[in-house]
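For the protein sequence lines, the chains are A and B, in the order given. Per this note's numbering, the very first residue in the first sequence carries number 1; after that it's consecutive. Per this note's numbering, the very first residue in the second sequence carries number 1; after that it's consecutive.
One or more of the hints may lead you astray.
[As the list claims (entries may be wrong)] So the derived list for chain A, only partly shown, Cβ under 7 angstroms to chain B, looks like this: (1) Met1; (2) Leu5; (3) Thr85; (4) Arg145; (5) Arg179; (6) Ala292.
Rather than coming from a laboratory, the hints here were simulated on the basis of the structure. All C-beta atoms, glycine included, are put in the ideal place defined by N, C-alpha and C.
Protein chains: 2
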Amino acid sequence: MLSILPVRGVPEVRAGHDLAALVAARARLLDGDVVVVAQKVVSKAEGALAWPAPGEDRATARRRLAREQAVRVVADSPDALIVETRHGLVCANAGIDASNVPDGALLVLPEDPDGSARALRASLRRASGSDVAVVVADSFGRPWRTGMTDIAIGVAGLRPIRDERGSPDRQGAALEVTRTAVADELAAAADLVRRKADGVPVVVVRGFPYERDERAGADLLQRPPAEDLFRRGRGGVADALSGRAPAADAALDPRAPDRVDLDRVAAAARQVGGPGVQVSVGGGALFVTGGALDAGVAAGAAIAALADLGYAATRRAPQPGEQAATVVVRPGSNR
Amino acid sequence: MLSILPVRGVPEVRAGHDLAALVAARARLLDGDVVVVAQKVVSKAEGALAWPAPGEDRATARRRLAREQAVRVVADSPDALIVETRHGLVCANAGIDASNVPDGALLVLPEDPDGSARALRASLRRASGSDVAVVVADSFGRPWRTGMTDIAIGVAGLRPIRDERGSPDRQGAALEVTRTAVADELAAAADLVRRKADGVPVVVVRGFPYERDERAGADLLQRPPAEDLFRRGRGGVADALSGRAPAADAALDPRAPDRVDLDRVAAAARQVGGPGVQVSVGGGALFVTGGALDAGVAAGAAIAALADLGYAATRRAPQPGEQAATVVVRPGSNR
Chain A
1 MLSILPVRGV
11 PEVRAGHDLA
21 ALVAARARLL
31 DGDVVVVAQK
41 VVSKAEGALA
51 WPAPGEDRAT
61 ARRRLAREQA
71 VRVVADSPDA
81 LIVETRHGLV
91 CANAGIDASN
101 VPDGALLVLP
111 EDPDGSARAL
121 RASLRRASGS
131 DVAVVVADSF
141 GRPWRTGMTD
151 IAIGVAGLRP
161 IRDERGSPDR
171 QGAALEVTRT
181 AVADELAAAA
191 DLVRRKADGV
201 PVVVVRGFPY
211 ERDERAGADL
221 LQRPPAEDLF
231 RRGRGGVADA
241 LSGRAPAADA
251 ALDPRAPDRV
261 DLDRVAAAAR
271 QVGGPGVQVS
281 VGGGALFVTG
291 GALDAGVAAG
301 AAIAALADLG
311 YAATRRAPQP
321 GEQAATVVVR
331 PGSNR
Chain B
1 MLSILPVRGV
11 PEVRAGHDLA
21 ALVAARARLL
31 DGDVVVVAQK
41 VVSKAEGALA
51 WPAPGEDRAT
61 ARRRLAREQA
71 VRVVADSPDA
81 LIVETRHGLV
91 CANAGIDASN
101 VPDGALLVLP
111 EDPDGSARAL
121 RASLRRASGS
131 DVAVVVADSF
141 GRPWRTGMTD
151 IAIGVAGLRP
161 IRDERGSPDR
171 QGAALEVTRT
181 AVADELAAAA
191 DLVRRKADGV
201 PVVVVRGFPY
211 ERDERAGADL
221 LQRPPAEDLF
231 RRGRGGVADA
241 LSGRAPAADA
251 ALDPRAPDRV
261 DLDRVAAAAR
271 QVGGPGVQVS
281 VGGGALFVTG
291 GALDAGVAAG
301 AAIAALADLG
311 YAATRRAPQP
321 GEQAATVVVR
331 PGSNR
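Chain A on its own, in the form it takes in the complex (with noise of 0.2 angstroms):
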């Protein structure tokens, strides 16, 4: 059996606040327990605050800074703007909160919330001399589903993927996939207990049996590039103009990403230019001859899916007169 333990009467938080003392002085902790801490009560502690601009309005400044603090746009749309953060943390908003922030400010993510999961883990010891995990819980959206869950953004003396690849099933047969993200799940069940706006931002999950790791972090959960299906693009045009099914085969190979296929996006291009075209592909480049109008649309089509692909492609300037166009693309101008 598992408990799910809000633990109640904490205060608001303020920066400089010792969050492990404000925890160890309303819950009994005890060893093998896990202390799921909300980001904002972290954020608030560290003074993790940003403020508007004079005469900004806090959803122009959370944008602003959402995308000041991104390294990458995964997706914008006037109702969310969804990033990549420094940390590899895909969400809207860079995680950045407007509710529950005094004081006009807003609460940005932590500076690194491993970190942050590692320094409370070692103060809650201290302070209740009890040995426990912590998890550092966040609301994300997903693509497809609505309504918010909590994940773990940050994690400390717990393996955040429980891994049973390997193990026999109850045939005998080897498990397929199943790599269960545990912190996640962790971090879900403790947002049963509580409200956004009822002040519960610790929770304690009492009777997991994790598995003790000394150095595994949140960032085990994030999917490495490589294996991320939906970045923008892979497979998406070059397929769309070549009539096969929708995203069918990626054009870039998933396990060498910076490897562009240019034989399919040549495909793609001439079937777009028609008939009369011709697409040779040699050198990273893309030779396209036939009628010059032709010629143009099989370049223009075939730039517009190395573009989609994420690739620098731009067309070496025609001679006058000269009914063929060349596409170069530039060598890993995709990363």
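Fit chain B to the known structure of chain A by using the hints.
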């Protein structure tokens, strides 16, 4: 306090087994409990099986069946086939399982997971005398995170989303976006007390103050297509071509996904075509003039950008010697 209680000793479930009786004989259920049941045993009890064709291995059969059962291929790579199922779920292999299934069979999703949840809830009421809610849980991957977490694919008796929009925050300001997918969090919490190989398909969550709802189902957890920022190509190539930040501003209005912003596509195409090219928009078409090769390049880029946005765009056949290209968008073709 919330308790997560594994129901131990449930035998291997076969088609026609009475799941409610198996559970009620092994757990004392109380009014207000949430019974979280793994999809696997629901599918097994319902006999939701499929078999490989003669000579076909299980992995190949699974991929074939997943394609057959999909309403939309979302991503297809050598490592994963991500589809939208007829239920509206976006998941790998249409949720078809090949481990822990006897006799070489494959296990498919229940025909109607919300209906399965409702039926099980009614049976549990009869078998135990207690008024419980039911969640049917399955393990799903996530685009940007490693590992899987359990989510709710079927729900009966509780409202799957807790809507806190409109509640004041602790400073009295309106909370921004706070809709919590509690049914998904219940599924995740339940998953913490079992491993895939240990035969604990049923878990009781006790003490969660859910909102009763006799009609709501897990379909409420599915994001409507118009709000899906990660449908293929949305905001992709047109922005890449126009030199904006990756995916900055969607070219499609998310509130009217059927209306493509042709002006945005025209601006991108003009840039690719070069300074001698003019692109104008009217009546669902782009008109491109300029030197033949340049105009062709612009038209080809426009066709690619529109294809990437999911539109069928074609070139009107040019007259001999014509130095203009017309790109026609078929209205509504992105559906």
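Run through the hints listed earlier and report the numbers of any the structure violates, in increasing order. 3
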